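Asker: So the chains spell out like this:
Protein chains: 2
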Amino acid sequence: MRTTPEAVQKVGIIGAGVIGGGWALHFLRLGKKVLVYDPSEAAGEHLRETAKTTWPTLERIGLACGACLENLELVSSLEALNAAEVVQENAPEDLEQKQALYQELDTALDWDVPVLSSTSGFAMTDMQKTCRSAARTCVGHPFNPPYIVPFVEVVGGEKTDPETVRWAEAFYTACEKKVIAMQRELPGFIANRLQEALWREALHMVAEGEATPEEIDASIVYGPGLRWAFHGPCMTFHLAGGEGGMAHMLKHFEPALKEPWTRLEAPELSDTLRERMVQGCERQTAGRSIAEVVQERDECLIRVMQALQEIQPTNPIAQKDAYASCS
Amino acid sequence: MRTTPEAVQKVGIIGAGVIGGGWALHFLRLGKKVLVYDPSEAAGEHLRETAKTTWPTLERIGLACGACLENLELVSSLEALNAAEVVQENAPEDLEQKQALYQELDTALDWDVPVLSSTSGFAMTDMQKTCRSAARTCVGHPFNPPYIVPFVEVVGGEKTDPETVRWAEAFYTACEKKVIAMQRELPGFIANRLQEALWREALHMVAEGEATPEEIDASIVYGPGLRWAFHGPCMTFHLAGGEGGMAHMLKHFEPALKEPWTRLEAPELSDTLRERMVQGCERQTAGRSIAEVVQERDECLIRVMQALQEIQPTNPIAQKDAYASCS
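One line per chain: the protein sequences are A and B, in this order. According to the numbering used here, the stretch in the first sequence is residues 1 to 327, in order. According to the numbering used here, the stretch in the second sequence is residues 1 to 327, in order.
Isolated chain A, as found in the complex:
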């Protein structure tokens, strides 16, 4: 019998690296027992140390009833994860390794236990191809660090039981995550496709000597990155269009879509695409005027900049001097 998503008390984690360890911390904060398996004993011990040093951060976010470091248990076999009600898989980003692992899980883990993968972009259809317990497998892709950043993408493979997808969505939501359950598999899912496009352009620029990593980072954190903390690219451009919103913006920048302003060519700006973009923005503004959303954007921007200014981190990139005098 599968535990209901909201009632999960014990979470199994495969892989104690940055992402697996980050998930472990998140579930610890929520008061769950966490069993971690990593073939490297050192990785497990490292996680134990990280958990200690990160605990004050988890306290700041807010500990659930019963949350404590002692709920972290390192186990020495995949079979030991049978004590958990769900398993989050964080194996290396290598398709063959993932496939071999899922085959091992056929025998190691009761088939009722959902296995959710943190893969950054592999399709579950490919990862589950050679295993028999495919129905209980599903992607649950987080962002680093999983103990703070709320976004998780959920998507099943061809052999995934739709009930597993629904279970995963409900489980992550109960675990204070913002979930998008995708209707179809897409390499890189959604957020990573966007992030990866930006990242590859950045790599090209550094490879060609067009910009340094510092210039790339500065150009984001002092520019569009500030807005992306609360308005996605569509809402950002909706407001760049003034009173005319996205419709005006698409018209204004239509010629620019043909310019080599990135190595990625833009799609044809068809009537259908225009309409989808405009309607998607209007659904988000939900009847509020452009002026109202602009005011909200400005308030968000100022507060985000003030929040960062207060920390005054030693990292020069994170300093936003202009706002030192904000009220």
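Since the hints were made in silico from the structure, they are not lab data. One should not assume that every hint holds.
You can't tell identical chains apart in this list, so a pair holds if it fits in one copy or across any two.
Unchecked claim - Cross-link-like lysine-lysine pairs, in silico, DSBU-like; alpha carbons within 35 Å at most:
#1 K52 x K251
#2 K177 x K258
#3 K52 x K129
#4 K178 x K10
In this text, all values refer to a predicted model and were calculated from it rather than measured experimentally.
Got chain A; can you put chain B on it based on the hints?
Answerer: Then chain B, alone, in the frame of chain A:
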């Protein structure tokens, strides 16, 4: 005689739209007199209204001595901008229109007056091609809204006097901007190349029905967008690599660079590129350990999310419920 960058008291603005108007507000906040020319009289009047409604926002950021709404003057000809010590050009994003405008400025404006362009990605070499006063022209590309977002990219064209580029850099810096002066022209500059790559991938996804605009926005604001407010893509991935930093991250994700996780192909991961990425991150961390930067990142993330939570904007996208209970 050109005024020294720090002593500028009067700024001319061509174009009263979203960006031109935003620049006007920024210079008004800094206590400067602002002359605005727009061929559409309605646009000028609209800006006068916007300035009134945005004034409380400018007050929150902090008004310079003498800053007031009365410093905004609408003028009815390009010639009238001769009273200004520098002109910020915000004409439509159309190369022929820009070229025609720069030719007009040959006769309309004293050649000592620097003309700085807000173009989103055109090369100044192209815009200045048919004018005679090219030496005083230079790109000064802001991000919306220019009265809050600090980033400005500065780059000259082939015929630009290097002194004009230096002048522009000093002028924007004196105006509380974070400036990158680029050594060479690159279509889309730096930030817009990155933003445009992400944007084009988003348009492709919407065109193909792979995601909705809402899903795209949610995937950014609940995911990587939160980090990009203070760490650029390089620093973000430097931390995703754990103790091994960027070097480990590049190794871990090297196979993924060949995956179709975006429509943009990645460059070959050469030793030179690896080295540049690693060194660029190490220069940014400036001797601090990964653990220290991770702690700073977590602090920034929590504060940014708390800041956004406090506003509780009606926009569902901007709500980050998990942090309602943050201390």
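Asker: Looking back at the numbered hints, which does the structure fail to meet, lowest number first?
Answerer: 3
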